[in-house]
Amino acid sequence: MSDDIPLVTIARFSHDWEAHIAKGVLDEAGIPSVINNEIFGSVYPIGFNSIGGLTLLVRQSDADRARELLDHCPSGD
Numbered sequence: 010m011s012d013d014i015p016l017v018t019i020a021r022f023s024h025d026w027e028a029h030i031a032k033g034v035l036d037e038a039g040i041p042s043v044i045n046n047e048i049f050g051s052v053y054p055i056g057f058n059s060i061g062g063l064t065l066l067v068r069q070s071d072a073d074r075a076r077e078l079l080d081h082c083p084s085g086d
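According to the numbering used here, the stretch in the sequence shown is residues 10 to 86, in order.
Do not rely on the hints blindly, as some may be mistaken.
Cβ-Cβ distance ranges computed for the label pairs, FRET-style [claimed, not checked]:
(1) Cys82 / Val43: 12 to 20 Å
(2) Cys82 / Asp13: 26 to 34 Å
(3) Asp13 / His81: 29 to 37 Å
(4) Ala72 / His29: 18 to 26 Å
Hints listed in this document are in silico derivations from the structure and should not be mistaken for laboratory results.
C-beta atoms are modelled at their ideal positions from N, C-alpha and C, and glycine is treated no differently.
Using the sequences plus the hints, can you model the full thing?
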């Protein structure tokens with residue numbers, strides 16, 4: 010994604026695998042997304058939530074559709 014396109018956070022995750030599954034759902038729907046803080050998750054896997062976890066960002070214009078898609082995905086709970 011271009012640096013000049015505003016991005017919004019649509020979800021936060023405690024584990025990198027959760028963020029990657031959500032990103033995959035969005036990718037399949039044609040919605041580009043970015044996982045933020047991903048490098049910290051691999052460097053500091055313990056206590057990662059203390060720095061905000063992983064955030065999934067999309068273009069503002071895609072945010073509503075992305076949230077809708079993720080709301081309909083099984084959470085694994």
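(message) When the structure is checked against the list of hints, which entries are broken? Sort them ascending.
(response) none
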